[in-house]
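Engineer: Chains B and V, in that order, are what the protein sequence lines are.
What the first sequence shows, in the numbering used here, is residues 1 to 316, in sequence order.
What the second sequence shows, in the numbering used here, is residues 317 to 618, in sequence order.
If you're looking for bench data, these hints aren't it; they were derived computationally from the structure.
Heads up, some of the hints might be wrong.
[What the hints assert, rightly or not] Computed beta-carbon distance windows for the label pairs:
1. V/Gly522 with B/His84: 34 to 42 Å
2. V/Glu512 with B/Gly11: 29 to 37 Å
3. V/Ala363 with B/Thr126: 31 to 39 Å
4. V/Glu512 with B/Pro60: 14 to 22 Å
5. B/Leu293 with V/Val370: 41 to 49 Å
6. B/His84 with V/Gln354: 50 to 58 Å
7. B/Ala204 with V/Val370: 36 to 44 Å
Cβ coordinates follow ideal geometry from the N, Cα and C atoms, glycine included.
In case you want the letters, here they are:
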Amino acid sequence: MIVYAGKRLLGLVPVLFGISVVIFLTMKLIPGDVAHALLGPMATQESLTQLRRSLGLDQPVYIQYVKWLWRALQGDLGLSPIVHKPVVDLLLPKFGNTLILAGASFFLAVVGGVAVGVLAAARQQTVLDRTAMGVSLVVGNMPPFWLGLVLIVVFAIDLRWLPSLGMYSARGPGGVGDLLAHLAMPTVATAAAPGAIIARMTRASVLEILGQDYIKVARSKGLSERAVLGLHALRVAWPPILTISGLQLGYLLGGAVFTEEVFGWPGLGRQLVSSVIARDVQVVQGAALFIALSFVIVNLIVDLLNLHLDPRSRPA
Amino acid sequence: MTRMPMATTLAVKTATPPLRRSPSALVQAARVFLRDRQAMLGLLIIAITAGAAVAAPLISPYDPLTAEGAERLAPVGTPGHVLGTDEQGRDILSRLIWGGRTSLMVGILPTVAAGVVALGLGLVAGHLGGVVDHVIMRVLDVFFAFPLVLLAIAIVGVIGPGMGNQMFALAVVLVPYSTRVVRTATLSIKSLEFVESARALGAGNGRLLGRHLLPNVLPPLLVYTSTLVGMMIVASAGLSFLGLGVQPPTPDWGVMVGNGRLVLYRAAHVATIPGIVIVVAALAFNFVGDGLREALDPRARR
Chain B
1 MIVYAGKRLL
11 GLVPVLFGIS
21 VVIFLTMKLI
31 PGDVAHALLG
41 PMATQESLTQ
51 LRRSLGLDQP
61 VYIQYVKWLW
71 RALQGDLGLS
81 PIVHKPVVDL
91 LLPKFGNTLI
101 LAGASFFLAV
111 VGGVAVGVLA
121 AARQQTVLDR
131 TAMGVSLVVG
141 NMPPFWLGLV
151 LIVVFAIDLR
161 WLPSLGMYSA
171 RGPGGVGDLL
181 AHLAMPTVAT
191 AAAPGAIIAR
201 MTRASVLEIL
211 GQDYIKVARS
221 KGLSERAVLG
231 LHALRVAWPP
241 ILTISGLQLG
251 YLLGGAVFTE
261 EVFGWPGLGR
271 QLVSSVIARD
281 VQVVQGAALF
291 IALSFVIVNL
301 IVDLLNLHLD
311 PRSRPA
Chain V
317 MTRMPMATTL
327 AVKTATPPLR
337 RSPSALVQAA
347 RVFLRDRQAM
357 LGLLIIAITA
367 GAAVAAPLIS
377 PYDPLTAEGA
387 ERLAPVGTPG
397 HVLGTDEQGR
407 DILSRLIWGG
417 RTSLMVGILP
427 TVAAGVVALG
437 LGLVAGHLGG
447 VVDHVIMRVL
457 DVFFAFPLVL
467 LAIAIVGVIG
477 PGMGNQMFAL
487 AVVLVPYSTR
497 VVRTATLSIK
507 SLEFVESARA
517 LGAGNGRLLG
527 RHLLPNVLPP
537 LLVYTSTLVG
547 MMIVASAGLS
557 FLGLGVQPPT
567 PDWGVMVGNG
577 RLVLYRAAHV
587 ATIPGIVIVV
597 AALAFNFVGD
607 GLREALDPRA
617 RR
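Next up, chain V with everything else stripped away, as it sits in the complex (with noise of 0.2 Å):
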């Protein structure tokens, strides 16, 4: 008998009209997430990741582009430097703190770039249908028929090496691949009875995009763009490694890896350390990734 009117006051708190999405879906989704060790893990590593790398002046126990008193090579362990020196001195600890700046940027400002351009792109196309579509979709297929790091290269080989062109390669191979889970998530929204409801009591486009569209397309976006994020910092520390984007002596760990090579017969850690760094940054993406995508799409959830 208690339970009876706690369901009715529930019943009449979810039907409180202007919110865009019931919160208990939210909360629901937020405790999913939160009790996800995994996921939990890998925010914890992006949390000491990114806050040493904005942190860098205050923690950074030496320069990162200057040797000081030490000798080169130094191997890991040595007093003062713990994680050993590179070829030229310079502290391999802080050049890791310092890069993580410039690599975790480059990994994650294309592809939230390129979200942004796929959402636009995605929802036109799936929404408008028709020619807009089509033409939209069939020049998209043109950058599938490249593969992904392949297409990064040779746009970088045409406009020229550096950090911003990298980026920028990044962002352009991602848009088709981000517009295309828009698009899909788009198509599968609209034929859905609220949006049909709503163009039925008069709702133009762009209500329909903005108020209906827009809130339920993002969950697969936000969940494909985190996991991208990992892909994105091995690939474009990879750009780096080869001289195709951020620039020595600039830290960056893709560069370290690249600079370690050089050395790889007298001192294998100058590069073998900043690979680790790499695959754990990455790996901590896929974990927060994984665990949005459980949270967010129900179906998903074991």
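Bound-form chain B, shown alone (with noise of 0.2 Å):
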């Protein structure tokens, strides 16, 4: 177990390094020059030749790319040339106002998407099954920016009963009340599609494992129903749930930027958007450089949860 960790923890070793080299590049790859942009059309030749060597830009481009992980690696991204600010300041606290969505989206996605599934494979082929199955396929694929749209409709706008944007109420007593209020629609609005899937693939993998030769001897004995699916079944299939759950994190978080854009969250999609649009291609860079560790870190969570729970897919 402590052995295979280690191997896969060393097996990012590369695909960090590329994820750096491309990241990398890519800011090298933009058309113009950062002198040009930094100094505006005014500038003299001089003062170019002046700012491109105090940044280093004269430089071969391996060294530059040195130089840059290792700022990187020491926190520091550089300063975003549009708001004036350093870019991993401006980042962090949007990131965690990330987490606070993309966790609470998550779990609802896991647990209501589980149930739903769990339940329609325990009700095979009865009206439940058949309308849960109907509708997450329907659900699975909608756009979550229009779901956000709609939940403002019914539950804003005619309702009246939730915030429509923001954290936070600007007059309001704030707090935990107000922030989850605030959450509801954008944790839904994320939520609704990667759960529909999940529930289909639970149902699918519950249901495979219902057909085993055990399950009949588990019924055969005598067992009730529900004995059979909690001590039996959902044992089994806990770790292909907890794999697919862990594939539909990506979805998840790129469904986020959409939510956080329709609801004003002000987590790291949004900033990521405004960034491209302003073309702030340092931020966008700290900000793809974000997703990318924390989507990695995430999957090798799921991996050694898998490990633990799935002594199957341990190596020998």
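The task is to assemble the complex, starting from two chains supplied on their own in separate frames and drawing on the hints.
Structural biologist: Next comes the structure, spelled out in structure tokens:
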């Protein structure tokens, strides 16, 4: 187990190296010169050369890369030329906000998806099963930005139950209650599609297990259907469900960009979009690095959890 | 007694040599597909949407770019404007019909392009193995470290917003996924006896790839690609919604939802109707994809 975890960690090194190279090179591929962009059209040739030298742009690309990487490892991702703030200072709080939204959505997607999937599998071929699968098929194809708008129309405009924008009310009590009220709709919009997919896959994987011989044995022993499902089937069904859920995480993070935008949630995705529109490449790069790193780490956690839960996936 | 001669004639027929794939398998697959009601429904929806998009100049009741004789934000059911008008008084139905052109193209083209690239990469990686395989797959591993849509947004961020760049970005992010499908299929077919015997008979790499591996790798890629299209219609609409893809005033379903969002409090239908069209189109492609899976993969048949 520990050996495998170590190997898995070592395997990350080339991937992380690749990520850093890709992100660094894209910065170099952008048309236009950084010195030009910083100094504007009125810059003299002399000042341009001077700035290039002070930024290290006159050095070979690999040296620039090593220097960039060294600074990045120390938490220095450069300065945003648009917002005039260090990229890390700009992104860290946004990253935290995204974690809140993504965490809540992931929790809802997994709990809701697994519950619906298991229920549908247990009541196979009933009205309940068919309705649940039909609904999840439609929901799984819903664009999160559209679902978000529909939720706003229903719960913020028509019913006036929930706030439609931001993380906290400008005038109001604030605190956890306020946060939860603001979190409700974006969470549902983000969790819907991945949750629907988790539900369908959970149903399939539970059904596959229910067809196994040892389940027949458990049933013929006279165990109740509940005991068969809870004690025998679900134990084995967990690892594939976990893997499926882990795979949906990337999809969920992509969806969160749209819900952050729709609900004005001050997160990393919204920052990414506004930086893309403002062509603030430094911030785009920093955000890409943040996203890739956290995604890699989460995938690692899912893998290790899986290993812990399912002895069969452990290498001999 | 009467059955015996029939069986022999059948056996003789299937033995006719120069066929790549035995026709019975294809015919069988087509039959399964045609009998699949969900797949047929999906195909019908796609035919209607694509047909309307192609015939837009003929059937669109109004020009999609100009407001013609109607007030702004007319509700659904207004005489002359069945689905109402948008914030500039443009007919929503006309914009949906014309929007099908961009929305379907932006969803389909990158997926197909990625499929073609993936076919080359996956076949080469799977067939040659060794260092080539290792290099290709390790490079693609880097792309798997980014959530798909976020990577597309970041690529657009570097090369700039716009429809062409949007399609390029989506194609780039799909290549690793499709390549993995092709490579896995290549690996599983490579070790089968008929490929071994072709190799033993002296078939070169080109012949092995083109005549034996390619035809057998295509079905799984086709199935995968068809389900991706639905997802890409949603994703590309999303990029256009954010203002990173198709640019207004060009009619596009994603752009329409994005514009409608600005008048959500006054006229919700401007944003919600195009969204319904996106969901239905994505569902239709998924239905067809599921149907193709059942038809082309005998193991998936119920």
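Engineer: If you test the structure against every hint from before, which numbers come out violated?
Structural biologist: Hints 1 and 4 are the ones this structure does not satisfy, whereas the remaining hints hold.
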